[in-house]
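Take the position in the sequence shown, starting the count at 1, then add 835; the result is the number in our numbering.
Think of the hints as simulated: they come from the structure by calculation, not from any bench. Cβ atoms here follow ideal geometry from the backbone N, Cα and C, with glycine treated the same way. Errors might be hidden in some of the hints.
As the list claims (entries may be wrong) - DSS-like cross-link-like pairs, simulated, lysine-lysine; straight-line CA separation at most 25 Å:
id: 1; residue 1: Lys1093; residue 2: Lys951
id: 2; residue 1: Lys951; residue 2: Lys925
id: 3; residue 1: Lys875; residue 2: Lys951
id: 4; residue 1: Lys925; residue 2: Lys962
id: 5; residue 1: Lys1111; residue 2: Lys1093
id: 6; residue 1: Lys951; residue 2: Lys962
id: 7; residue 1: Lys915; residue 2: Lys961
id: 8; residue 1: Lys915; residue 2: Lys969
id: 9; residue 1: Lys875; residue 2: Lys925
id: 10; residue 1: Lys915; residue 2: Lys951
id: 11; residue 1: Lys925; residue 2: Lys915
id: 12; residue 1: Lys915; residue 2: Lys962
id: 13; residue 1: Lys969; residue 2: Lys951
id: 14; residue 1: Lys875; residue 2: Lys962
id: 15; residue 1: Lys961; residue 2: Lys951
id: 16; residue 1: Lys906; residue 2: Lys875
id: 17; residue 1: Lys875; residue 2: Lys1093
id: 18; residue 1: Lys961; residue 2: Lys875
id: 19; residue 1: Lys906; residue 2: Lys925
To be verified - Distance windows between CB atoms, simulated:
id: 20; residue 1: Phe950; residue 2: Ile1131; range: 29 to 39 Å
id: 21; residue 1: Ala1102; residue 2: Arg1001; range: 21 to 31 Å
id: 22; residue 1: Tyr876; residue 2: Arg1126; range: 37 to 47 Å
id: 23; residue 1: Cys1017; residue 2: Arg973; range: 21 to 31 Å
id: 24; residue 1: Arg1124; residue 2: Glu976; range: 14 to 24 Å
id: 25; residue 1: Leu912; residue 2: Gly1118; range: 47 to 57 Å
id: 26; residue 1: Gly1022; residue 2: Tyr876; range: 23 to 33 Å
id: 27; residue 1: Glu1123; residue 2: Glu1018; range: 19 to 29 Å
id: 28; residue 1: Leu840; residue 2: Asp977; range: 47 to 57 Å
id: 29; residue 1: Ala1087; residue 2: Arg973; range: 24 to 34 Å
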Amino acid sequence: MNPLLESGPTTDISKGGGAGGMNQSLNRAQNRNAISAADKYLLDVFGRVARLAERSHMSGGVRDRAKEMFKRYYDVLTLKEGGGRTRALKEDETASIVAACLFLAARNEGAPRTFKEVCAVSQVPKKEIGGRMKAIERALEDVRSGVVRGSEDFVGRYCSQLNLGRSVVNDANEVATGARECEGVYGKTYVSLAAAAIFVVCQLPEVAEGTPPPGTAAAGGKKEVKKDPKVGEKRGRETAAVSGAGANGTSARFRTAKEIATVAGVAEVTIRVTYKAMFPHLGRVLPERYRRANIIGALPPP
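Modelling step: build the complete structure from the supplied sequences, incorporating the hints.
Pasting the structure below:
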């Protein structure tokens, strides 16, 4: 039995016959019907939470936390001291509470979503979600929206949706962390910073750990730079001292700004503006093996 539901086996103890006993039996029957109605409502809400969580690629932990949060806040709003409910929630109330619970649960479970993402999946305006969040935080002492730690909260999820491996996640996190305090980049949102950092790493050919600089004897000769006009993103291709390149010189992990913008929920131009701000600093913030391989020239101009 779902512990968040209210129904369960009950035992009725008769307190005598007559009108008083009949009234008590009637009250108990009505109370059972009210509880059943509440459970029906909760089951419907829990199904909605599960569907929205799945569409947002949220974990089971986030989903279950959101359900628990909803039930507790529902109790605060409607539960009578002696049992039963004072009122039913309207549809717009339910929708805003579900959206706020998902937003808060994701943050509490260390897998935050942006307002834009939650608004898109729930079809609830940001203002309504924000107001409901504050009300839930006032009612439930252990629930806090907290703060997003940084762009790393988003890099891993976006890379997962783009089918990019752990090396891209690590490299993009290093780029975002190194660039966020740089002139022109400071103040950019964590989402745009994460998206631009992924874009940077995806434009570069994969470089194996310990790769010697191109043009050295250890690298096997002079590096060759190729321009591939067929690729929508204008960028140089380097074919020496790199690994994981496709037949046309394009790295298997290459993703366009448009692809990244789609999963990050930002405009493509936002990624390009942030990339332009990052570009002068990439010689310092790229992972060391890229700097050693001297392949920054493979990046497209901002």
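Does the alpha-carbon distance linking Lys875 and Lys951 stay inside the 25 Å limit? Violated, at roughly 30 Å.
When you check the alpha-carbon spacing of Lys969 and Lys951, does it fall within 25 Å? holds (18 Å)
Can you tell me whether the CB distance of Arg1124 to Glu976 sits inside 14 to 24 Å? violated (48 Å)
Lys1111 and Lys1093: Cα distance at most 25 Å? holds (16 Å)
Between Lys875 and Lys962, does the CA-CA distance stay at or below 25 Å? violated (29 Å)
Is the Cα-Cα distance between Lys925 and Lys962 25 Å or less? holds (18 Å)
Could you grab the alpha-carbon distance between Lys906 and Lys925 and see if it respects the 25 Å cut-off? holds (15 Å)
Is the distance from the Cβ of Cys1017 to the Cβ of Arg973 consistent with 21 to 31 Å? Since the Cβ atoms of Cys1017 and Arg973 sit about 39 Å apart, the hinted range of 21 to 31 Å is violated.
Could you grab the alpha-carbon distance between Lys915 and Lys951 and see if it respects the 25 Å cut-off? violated (36 Å)
Lys915 paired with Lys961 [C-alpha distance capped at 25 Å]: Cα-Cα ~31 Å, so violated.
Hinted pair, alpha-carbon criterion (25 Å max): Lys951, Lys925. Please report holds or violated. holds (24 Å)
Is the Cα-Cα distance between Lys875 and Lys925 25 Å or less? Holds. Lys875 to Lys925 sits at ~15 Å (cutoff 25 Å).
In terms of the numbered hints stated before, the structure departs from hints 3, 7, 10, 12, 14, 17, 18, 22, 23, 24, 26, 28, 29, listed from lowest to highest.
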